[in-house]
Amino acid sequence: GENVEQHPSTLSVQEGDSAVIKCTYSDSASNYFPWYKQELGKRPQLIIDIRSNVGEKKDQRIAVTLNKTAKHFSLHITETQPEDSAVYFCAGQGSNTGKLIFGQGTTLQVKP
Amino acid sequence: DAGVTQSPTHLIKTRGQQVTLRCSPKSGHDTVSWYQQALGQGPQFIFQYYEEEERQRGNFPDRFSGHQFPNYSSELNVNALLLGDSALYLCASSLPGGGSYNEQFFGPGTRLTVL
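These protein sequences, in sequence, are chains A and B.
Using the working numbering, read the first sequence as starting at 1 and increasing by one per residue.
Using the working numbering, read the second sequence as starting at 1001 and increasing by one per residue.
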């Protein structure tokens, strides 16, 4: 069935370092991959997304890469700041469906 | 422009009771999806409503039902509540059609506790 695996479950970095979160998906029909940031007690907020016809997308300190052949995608955060501390979720969405399949989440802690 | 809103914020029920959660989509959006987020887990898709019909459903029992109104707002109903139904229930709205490539905007959620 459809599944998205996310690693690591927790990640601790020093302020200014880079953070990388990786996800793999099982449904080869998936063609849209958003990343959400969820702060404690708040709603998930989209931080970046990528479509299957693109291999990489960057927005300031955040970038996402997609390898369709290997069915994995990654989130890269450079120059991390304490306010980047949150839970990050990757998700996959198949074509002609509004259903998002989420990974299990990564708790990122950025130490000042 | 108001984003996605949900009510109530918190709710406490006992086993066997029924609950109704409400969602108003972002202005201009006509598609509403519901997700269940257990503590420490990623959101799980319950179902999606478009044009007042359930268009797609996740692996949830029939105790979970919904409705969409002509103004695109939506309700999630859960019957015969179980302890395991305790979770944050998130509503997300998306652009017309709600198909792939459309960003889903999440509401603040309703925290349901079943005792």
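Just so you know, these hints were derived from the structure itself, not from any lab.
Mixed in with the good hints, there may be bad ones.
Stated by the list, open to error - Every beta carbon over 10 Å from chain B, so not counted as near; a handful from chain A, in silico:
(1) Ser12
(2) Asp49
(3) Thr69
(4) Pro112
Unchecked claim - Chain A is faced by these chain B residues, among others (derived, beta-carbon under 7 Å):
(5) Gly1042
(6) Gln1048
(7) Phe1060
(8) Phe1064
(9) Asn1071
(10) Glu1103
Heads up, the beta-carbon is just placed ideally off N, CA and C, and yes, glycines get one too.
Against the structure, the hints come out as follows:
Listed as outside the interface, serine 12 of chain A is consistent with that label: its C-beta sits roughly 17 Å from the nearest C-beta of chain B, beyond the 10 Å cut-off. At roughly 7 Å, the least C-beta separation between aspartate 49 of chain A and chain B is not larger than 10 Å, which violates its mark as non-interface. Every CB of chain B lies more than 10 Å from the CB of threonine 69 of chain A, the least distance being 20 Å, so the non-interface label holds. Distance check on proline 112 of chain A: its Cβ is at least 25 Å (rounded) from any Cβ of chain B, clearing the 10 Å threshold; non-interface status holds.
This hint holds: glycine 1042 of chain B has a C-beta 3 Å from the nearest C-beta of chain A, less than the 7 Å allowed. Here the hint on glutamine 1048 of chain B is kept, as its CB sits about 5 Å from the closest CB of chain A, short of 7 Å. With 7 Å as the threshold, the beta carbon of phenylalanine 1060 of chain B stays out of range of chain A, its nearest partner Cβ sitting at about 12 Å, so the hint is violated. Because the closest C-beta pair between phenylalanine 1064 of chain B and chain A is about 15 Å apart, greater than 7 Å, the hint is violated.
For asparagine 1071 of chain B, the interface hint is violated, the least distance from its beta-carbon to any beta-carbon of chain A being 19 Å, above 7 Å. For glutamate 1103 of chain B, the shortest C-beta to C-beta distance to chain A is roughly 6 Å, which falls under 7 Å, so the interface hint holds.
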